[in-house]
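A.B. asks: Here is how the chains run, residue by residue.
Protein chains: 2
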Amino acid sequence: MLKVIAEDFIKPESVDTVLPLYRELVAATKKEPLCIAYDLYRDEKDPGHFIFIEQWPDRAALDAHCASEHFRRLVPLIDQHARKDARYILMNEQVDPDIA
Amino acid sequence: MLKVIAEDFIKPESVDTVLPLYRELVAATKKEPLCIAYDLYRDEKDPGHFIFIEQWPDRAALDAHCASEHFRRLVPLIDQHARKDARYILMNEQVDPDIA
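Residue numbers (full-length UniProt numbering), protein chains in the order written: chain V, 1 to 100; chain W, 1 to 100.
Excised from the complex, chain V in its bound form (with noise of 0.2 angstroms):
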C-alpha cells in the first residue's frame, strides 16, 4: 500500500483558472481502476495551496496514474499558474499502535 500526499502551490490570482482543471484532474483519476483513494482538500489559511491526499495498492499504479493521459495533459495545465514547486511525500509503512 502507498499512500502520498502532493501539495501545489498556485499563485492568488490563478485559483479560479485552475479550480476547473483540478475537478477535471480528480474526476478522471477517482475512475483510473488502481486508484484507491485521490481527494483534493485546500489549506484553511491560503486558499491557493491545494493539497492531495492520495492512496494506491503500490508504485505500479502511481506511475500508471502519472502516465495517463489526463495526468499528463491536465497537470502541465495547472502548473504553469504555480508560485513555486509542488512536495511530494511517499509513505508506504504506516505506525501499527498494536504493535507495543
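I should point out that these hints are in silico values taken from the structure, not numbers from a laboratory. Check before you lean on any hint, since a few could be wrong.
In silico DSBU-like cross-links for lysine-lysine, where the CA-CA straight-line distance does not exceed 35 angstroms [as the list claims (entries may be wrong)]: (1) V/Lys30 / W/Lys45; (2) V/Lys30 / W/Lys30; (3) V/Lys84 / W/Lys84; (4) W/Lys11 / V/Lys11; (5) W/Lys31 / W/Lys45; (6) W/Lys31 / V/Lys45; (7) V/Lys84 / V/Lys31; (8) W/Lys30 / W/Lys45; (9) W/Lys45 / W/Lys11; (10) W/Lys11 / V/Lys84; (11) V/Lys45 / V/Lys31; (12) W/Lys11 / V/Lys31; (13) V/Lys11 / W/Lys84; (14) W/Lys31 / V/Lys30; (15) W/Lys30 / W/Lys11; (16) W/Lys45 / V/Lys84; (17) V/Lys45 / V/Lys30; (18) V/Lys45 / W/Lys30; (19) V/Lys31 / W/Lys30; (20) W/Lys84 / W/Lys45; (21) V/Lys11 / V/Lys45; (22) V/Lys11 / V/Lys30; (23) W/Lys31 / W/Lys84; (24) V/Lys11 / W/Lys31; (25) V/Lys45 / W/Lys11; (26) V/Lys84 / V/Lys45; (27) V/Lys45 / W/Lys45; (28) W/Lys30 / W/Lys84; (29) W/Lys84 / V/Lys45; (30) W/Lys31 / V/Lys31; (31) W/Lys11 / W/Lys84; (32) W/Lys31 / W/Lys11; (33) V/Lys11 / V/Lys31; (34) V/Lys84 / V/Lys30; (35) V/Lys11 / V/Lys84.
Put chain W on the given structure of chain V with help from the hints.
C.D. replies: Below, chain W without anything else, positioned relative to chain V:
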C-alpha cells in the same frame, strides 16, 4: 469536517525512542470519541519524517484532542527528539469533482 496533516521531523538516532511514544499516542487518540481518523505514516525516503493524517468533525474536536492527557504528556516527550519544527496543515474544504 476538518482534515489535518501534521509532520514531525525526528533525529535519526531517536527514531527507536519515539516509536513507542507514537504508538501510545495513536492508540489513545483513536479511542477519543470525536476522532474520525488518526493515522501515522513514515516518509519512505526519511524514516525520521513522521506524518499524521487526521480527520475531526470540527476545530473544537481537534482542540479537545490537543488538550487531552495523552497528547499533553506524550507530545512534549516526542518533541524533545525533533530535529526541526513540526509542520501543520488544516484543511476544511475539499475540492468536489462533481461541481463542474
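A.B. asks: Could you work out which earlier hints the structure fails to respect and list their numbers in ascending sequence?
C.D. replies: 12, 24
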